[in-house]
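Per our numbering, the very first residue in the sequence shown carries number 407; after that it's consecutive.
Simulated from the structure, these hints should not be mistaken for laboratory data. A quick note: this is a predicted structure, and the numbers were derived from the prediction, not measured. Where a beta carbon is used, it is the ideal one built from N, C-alpha and C, also for glycine. Please note: incorrect hints may appear among the correct ones.
Derived DMTMM-like pairs (lysine to aspartate or glutamate); straight-line CA-CA distance at most 25 Å [to be verified]: (1) K463 <-> E442; (2) K463 <-> E409; (3) K446 <-> D461.
Restraint-style ranges between C-beta atoms, simulated for each label pair [to be verified]: (4) R467 <-> Y408: 28 to 36 Å; (5) K446 <-> Y408: 14 to 22 Å; (6) R467 <-> M434: 29 to 37 Å; (7) Y408 <-> V428: 15 to 23 Å; (8) L464 <-> I433: 30 to 38 Å; (9) P455 <-> S418: 33 to 41 Å; (10) R467 <-> G436: 29 to 37 Å; (11) G431 <-> P460: 14 to 22 Å; (12) Y408 <-> V466: 17 to 25 Å; (13) E444 <-> Y408: 14 to 22 Å; (14) V465 <-> G430: 17 to 25 Å.
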Amino acid sequence: PYELGFWLRGASAAGRVTLPSVSGGGIMPGGTRDYEIELKPGEYVYSCPLNNTPDYKLVVR
Numbered sequence: 407p408y409e410l411g412f413w414l415r416g417a418s419a420a421g422r423v424t425l426p427s428v429s430g431g432g433i434m435p436g437g438t439r440d441y442e443i444e445l446k447p448g449e450y451v452y453s454c455p456l457n458n459t460p461d462y463k464l465v466v467r
């Protein structure tokens, strides 16, 4: 078992400047945490910076 984390951000360089982002870590297997964020319409990606994962796409309409 190892810590997990996440980083949600705009999918493009422009999106990283104009869209909200949130990150967190220290989440152990079986654990949960809440992060409140209001997403604007746009394309986002999320991944785990503590683990080598791909960028998963999220579209907010």
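Taking the hints in turn, this is what the structure says about them:
Proximity of K463 to E442 is assessed by CA-CA distance (about 19 Å); at most 25 Å being required, the pair is judged to hold. Simply put, K463 and E409 have alpha-carbon atoms about 22 Å apart, close enough for the 25 Å limit, and the pair holds. Of the pairs offered as hints, the one joining K446 and D461 holds, with about 19 Å between alpha carbons and a cut-off of 25 Å not exceeded. Taking 28 to 36 Å as the suggested C-beta distance range, the pair R467 and Y408 conforms, at roughly 35 Å.
One distance hint, 14 to 22 Å for the beta-carbon pair K446 and Y408, is violated here, with the actual separation near 33 Å. The given range of 29 to 37 Å is respected by R467 and M434, whose C-beta atoms sit roughly 33 Å from each other. Range check, Y408 to V428: about 21 Å between beta-carbon atoms, so the 15 to 23 Å window is met. In this structure the supplied range 30 to 38 Å is violated for L464 paired with I433, their Cβ-Cβ distance being about 18 Å.
In this structure the supplied range 33 to 41 Å is violated for P455 paired with S418, their Cβ-Cβ distance being about 18 Å. Taking 29 to 37 Å as the suggested C-beta distance range, the pair R467 and G436 conforms, at roughly 33 Å. Between G431 and P460 the CB atoms are about 18 Å apart, so this pair conforms to the stated range of 14 to 22 Å. Taken as a hint, the range 17 to 25 Å is violated for the pair Y408 and V466, whose Cβ atoms sit roughly 30 Å apart.
For the pair E444 and Y408, the supplied restraint of 14 to 22 Å is violated, since their beta-carbon distance comes to about 31 Å. Under the hint 17 to 25 Å, the C-beta atoms of V465 and G430, about 21 Å apart, fit the expected range.
Taken one by one, the earlier hints fail for this structure at numbers 5, 8, 9, 12 and 13, listed in ascending order.
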